[in-house]
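Keeping their order, the protein sequence lines are chains F and E. Residue numbers for the first sequence, in our numbering: 1 to 111. Residue numbers for the second sequence, in our numbering: 1001 to 1114.
Keep in mind the hints are simulated off the structure, nothing from the lab. Backbone N, C-alpha and C define an ideal beta-carbon position, used for all residues, glycine too. Among these hints, one or two may not hold up.
As the list claims (entries may be wrong) - Result set (EDC-like, lysine to aspartate or glutamate): computed pairs, CA atoms no more than 20 Å apart in a straight line: (1) E:K1055 <-> F:D83; (2) E:K1041 <-> F:D83; (3) F:K42 <-> E:E1052; (4) E:K1066 <-> E:E1087; (5) E:K1041 <-> F:E57; (6) F:K67 <-> F:D83; (7) F:K56 <-> E:E1102; (8) F:K42 <-> E:E1022; (9) F:K42 <-> E:E1059; (10) F:K98 <-> E:E1063; (11) F:K42 <-> E:E1063; (12) F:K98 <-> E:E1087; (13) F:K98 <-> E:D1088.
To be verified - Simulated restraints, written as ranges between beta carbons of each label pair: (14) E:T1082 <-> F:E15: 31 to 37 Å; (15) F:R60 <-> E:E1087: 17 to 23 Å; (16) E:S1018 <-> F:Y71: 41 to 47 Å; (17) E:E1052 <-> F:E15: 41 to 47 Å; (18) E:K1020 <-> F:E5: 18 to 24 Å; (19) E:S1054 <-> F:Y71: 31 to 37 Å; (20) E:S1083 <-> F:G54: 49 to 55 Å; (21) E:C1013 <-> F:R60: 27 to 33 Å; (22) E:K1055 <-> F:D27: 37 to 43 Å; (23) F:D27 <-> E:C1013: 27 to 33 Å; (24) F:R28 <-> E:M1045: 40 to 46 Å; (25) F:P111 <-> E:S1054: 37 to 43 Å; (26) E:D1027 <-> F:S12: 22 to 28 Å.
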Amino acid sequence: QKEVEQNSGPLSVPEGAIASLNCTYSDRGSQSFFWYRQYSGKSPELIMSIYSNGDKEDGRFTAQLNKASQYVSLLIRDSQPSDSATYLCAVKASSGDKLTFGTGTRLAVRP
Amino acid sequence: GAVVSQHPSRVICKSGTSVKIECRSLDFQATTMFWYRQFPKQSLMLMATSNEGSKATYEQGVEKDKFLINHASLTLSTLTVTSAHPEDSSFYICSASGDGTEAFFGQGTRLTVV
């Protein structure tokens, strides 16, 4: 079982729709969760971090965490073509600073 | 977010030569820096973790004598790919963490070994 799992996609949504990206993780003791956006040929850019159960909103982005289900998601409202990228879920191990990344979900927003 | 600068952004070198990549945290002190490698259409693979003033911790399967990491100060870490070969061609990315929570990425270095 992979430590951090994401559907590779592509996830295709029309412009203006809500894009929902999901991630599950195996280490039940994980405490910190991150979503990064990576455009093709570029390095990842931090979008959201979430540390406690529930929702965290920042602009058009909402991160949701459910530690009991070992599940973290990212919602993008009013999706724009510029949101088209690969979204990486990252989980910090319960001990140490190392981030474990999922393989990423490719999002395509259709104009 | 914090700024991490990585240099060079792109390098082409001949097989058998060595290449040094620098990673600097510009506006914070990075107690921990991470080096990743990413092949096309694949996820980030952690190569090693470095803490200032101590030896780097390498992930399984990563040759420490081939990928030399130095983290001499709280703002600078370097990765040297020694005796590079075409199979080392990849996108190398560093990230830095100051307070142990969020990690910020450099711009990445695309290495091509010919």
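Distance restraint evaluation - T1082 of chain E, E15 of chain F, Cβ atoms, bounds 31 to 37 Å: violated, 48 Å
Starting from the range 37 to 43 Å, see whether the pair P111 of chain F and S1054 of chain E falls in it by beta-carbon distance. violated, 50 Å
Hint check for E1087 of chain E and R60 of chain F - Cβ pair distance inside 17 to 23 Å: This hint is violated: roughly 41 Å between Cβ atoms.
Take a quick look at whether K67 of chain F and D83 of chain F sit within 20 Å of each other, Cα to Cα. Violated, because 27 Å separates the two Cα atoms, which is more than 20 Å.
K1041 of chain E and E57 of chain F were given as a pair; does the straight-line alpha-carbon distance stay at or below 20 Å? violated, 29 Å
Straight-line Cα separation of K1055 of chain E and D83 of chain F no greater than 20 Å? Distance ~39 Å between K1055 of chain E and D83 of chain F Cα, so the pair is violated.
How does the Cβ-Cβ distance of R28 of chain F and M1045 of chain E compare with 40 to 46 Å: does it lie in that range? violated, 24 Å
Kindly confirm whether 18 to 24 Å is satisfied by the beta carbon distance between K1020 of chain E and E5 of chain F. At roughly 35 Å between Cβ atoms, E5 of chain F and K1020 of chain E fall outside 18 to 24 Å, so the hint is violated.
Would you mind confirming whether the straight-line C-alpha gap from K1066 of chain E to E1087 of chain E stays at or under 20 Å? With Cα atoms ~13 Å apart, K1066 of chain E and E1087 of chain E stay inside 20 Å; holds.
Determine whether the Cβ-Cβ distance between D27 of chain F and C1013 of chain E falls within the hinted range of 27 to 33 Å. violated, 38 Å
So does K1055 of chain E sit 37 to 43 Å from D27 of chain F, Cβ to Cβ? Taking Cβ atoms as reference, K1055 of chain E and D27 of chain F lie about 25 Å apart, which means the hint is violated.
Quick one, are K56 of chain F and E1102 of chain E close enough, alpha carbons at most 20 Å? holds, 16 Å
Of the numbered hints listed earlier, those contradicted by the structure are 1, 3, 5, 6, 9, 11, 12, 13, 14, 15, 18, 21, 22, 23, 24, 25 and 26.
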